[in-house]
Structure formats: C-alpha cells, structure tokens
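**Student:** As you go down the protein sequences, you meet chains A and B in turn.
Residues 0 to 108 in numbering that gives the first Met the number 0 are what the first sequence spells out, letter by letter.
Residues 0 to 158 in numbering that gives the first Met the number 0 are what the second sequence spells out, letter by letter.
One or more of the hints may lead you astray.
[Said to hold, decoys possible] Footprint (simulated), chain B over chain A, 3 or more residues, beta carbon under 8 Å:
#1 11-18
#2 81-91
[Stated by the list, open to error] Among the chain A residues that face chain B by a calculated CB cut under 10 Å, a handful are:
#3 Glu2
#4 Ala40
#5 Asp78
If you are wondering where the hints come from, they were derived from the structure by calculation, not from laboratory data.
Beta carbons: idealized from backbone N, C-alpha and C, even for Gly.
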Amino acid sequence: MHEIIIHLILIGLIFALFFYVTAGRVNSKEVKQQVVEKEIALLIDSAEKGMSFSINKLNMNGQINGFKVENGKVFALIDNQKISKGYDYFSKYSVSVDEREDRFIVHVR
Amino acid sequence: MINKIKLGKRGVIGEGILMIYRLMLISFIALVVMGAAAVFYSYYVDVRDVEARIMAVNVVNCLAPNGVFLADNLNGYGGNVLEYCKISNSGKFYINVSVSGKKYEAGDSSLLWIREMYKNSAGESIKKYEPGYFSEVYPVIVDGKEDKLKIEVLVNHEF
Numbered sequence: 000m001h002e003i004i005i006h007l008i009l010i011g012l013i014f015a016l017f018f019y020v021t022a023g024r025v026n027s028k029e030v031k032q033q034v035v036e037k038e039i040a041l042l043i044d045s046a047e048k049g050m051s052f053s054i055n056k057l058n059m060n061g062q063i064n065g066f067k068v069e070n071g072k073v074f075a076l077i078d079n080q081k082i083s084k085g086y087d088y089f090s091k092y093s094v095s096v097d098e099r100e101d102r103f104i105v106h107v108r
Numbered sequence: 000m001i002n003k004i005k006l007g008k009r010g011v012i013g014e015g016i017l018m019i020y021r022l023m024l025i026s027f028i029a030l031v032v033m034g035a036a037a038v039f040y041s042y043y044v045d046v047r048d049v050e051a052r053i054m055a056v057n058v059v060n061c062l063a064p065n066g067v068f069l070a071d072n073l074n075g076y077g078g079n080v081l082e083y084c085k086i087s088n089s090g091k092f093y094i095n096v097s098v099s100g101k102k103y104e105a106g107d108s109s110l111l112w113i114r115e116m117y118k119n120s121a122g123e124s125i126k127k128y129e130p131g132y133f134s135e136v137y138p139v140i141v142d143g144k145e146d147k148l149k150i151e152v153l154v155n156h157e158f
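When you get a sec, could you build the whole thing from the sequences and use the hints?
**Tutor:** See below:
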C-alpha cells in the first residue's frame with residue numbers, strides 16, 4: 000500500500016513539473032520575455048549619452064515583475080517568471096535602472 | 000519462517016526495481032511531450048539586422064564625427080574599430096570599414112563566408128543561423144578631401 004502511495008506521489012511530481020514547463024511554452028511568456036528584452040536592448044544600443052527612458056510595469060506584453068541590466072545583458076521577468084537568460088546590448092555607455100512604483104527607468108550615462 | 004522472510008525482502012527489492020523502471024518510462028514520456036511542445040511553441044524574434052544597422056551608425060559616428068574621418072587616431076588601436084570606439088565585443092559582431100583604400104576590421108571574419116554560404120543555398124530550418132547584415136556607403140572628408148566610407152556589419156546568431 001505504501002509503495003503505491005509513494006509511486007503516485009512521484010508520478011504526480013513528474014507530471015506537475017512537466018505541466019509547469021509546458022505551460023510556460025504554451026502561454027507564450029517566453030516569447031513576450033524575448034520581445035521585451037530585445038526591444039530594451041535595442042533602445043539602449045541606439046541611445047545617446049544622457050538619455051533616459053521608462054518602461055511601464057503593466058506592459059502590453061504582460062506584467063513586468065523583474066527587470067535589471069547586468070554584465071552587458073538585459074533581463075526581464077514577465078508574469079511571475081523566475082528565470083531569464085538575458086539579451087546582450089553593446090552600448091559603450093554606463094547603463095543603470097531605477098525602479099518606481101509603476102515603472103522602471105533606464106538611464107544611459 | 001526464515002525462507003519466507005528472505006522471499007519478502009526479494010519481493011520488496013523487485014518492487015523497487017520495477018518502480019524505478021516505471022518512473023523512468025513516465026519521465027521519458029514527459030520529456031518527449033515537453034520536447035515536442037518546445038519545438039512547436041518556441042518562436043525566435045530576430046533583431047540581428049536591426050542590431051547591425053545600429054552598430055553601423057554607432058561606428059560611423061565614432062570614426063567620422065561630423066563627417067570628418069580621423070584616420071590617425073585609429074592607427075593607434077591597430078585598426079580595431081570596436082576597441083577604438085570602446086564598444087564591447089561580445090564575439091557576435093564582425094565589422095569591416097573601407098575608406099581611402101584602407102581596410103579596418105574587428106571581430107570574427109568567418110561570418111563573411113557563412114553569409115556567402117547562406118546566399119547560395121539555405122533551407123528554411125537553418126535560416127535562423129544566417130548572420131544579420133547591414134552595409135552602407137557614407138560620404139566623408141579624409142585629409143580635407145571628399146571620399147567614401149563603406150561599412151559592413153555582420154551579427155552572429157545567439158544560439
């Protein structure tokens with residue numbers, strides 16, 4: 000009896016993990032994340048020194064719940080995503096991000 | 000009695016082995032379905048041509064501010080345009096600048112023949128590996144004379 004219960008729990012865990020990963024693909028969160036990261040990387044690349052721009056947290060691509068610029072990469076987390084590979088930008092200027100209540104402000108200095 | 004206990008232990012071990020086998024089978028099926036979902040639902044947003052255009056504009060603005068090409072400054076950097084312009088090269092760019100019969104370049108030149116290969120023939124399935132490309136000729140002033148600056152930028156894939 001115990002074996003069956005353990006068996007069912009393990010199968011349940013495997014399928015929960017499976018549905019979690021598949022749901023991420025099917026609801027296109029990853030594509031939206033790609034769009035946001037690449038759009039912002041291109042904005043940074045084409046920005047001149049001293050420019051700033053803001054990104055609303057409630058975006059047409061979803062709710063941006065995490066955003067940072069680190070080691071020459073842009074990272075955005077959409078609709079409670081947990082991980083991001085990030086996307087490279089090549090601007091020669093220093094880039095920083097300020098978080099406000101409803102938006103993120105990117106400064107190119 | 001002793002025989003029965005021994006048989007029970009074997010049975011438990013056998014059940015354990017069978018369970019591992021079943022779990023492996025279920026994991027395999029889950030992985031296959033996940034792989035299929037990954038193939039059908041993934042989509043690649045290609046911005047490499049735009050990146051190439053932005054890079055070209057940045058490099059030209061750096062090499063020829065206000066349209067005046069400053070060749071002497073560039074020679075101190077061994078002709079490496081990215082180093083001169085202080086643009087970090089993540090390894091995915093190739094830049095080739097030709098002006099007044101001189102050539103300055105930076106990055107991986109193998110992207111040129113990869114692009115040639117794609118120009119000749121490429122199936123749709125490998126199209127996403129084709130480098131992004133931008134080329135343009137700008138009028139510049141070199142040593143007080145009018146001249147042309149040709150820039151070619153190639154951007155490698157990110158996979």
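**Student:** Against this structure, judge whether each hint is valid.
**Tutor:** Each hint tested on the structure:
| no. | hint | verdict |
| --- | --- | --- |
| 1 | 11-18 | holds (count 4) |
| 2 | 81-91 | holds (count 5) |
| 3 | Glu2 | holds, 6 Å |
| 4 | Ala40 | holds, 8 Å |
| 5 | Asp78 | violated, 16 Å |
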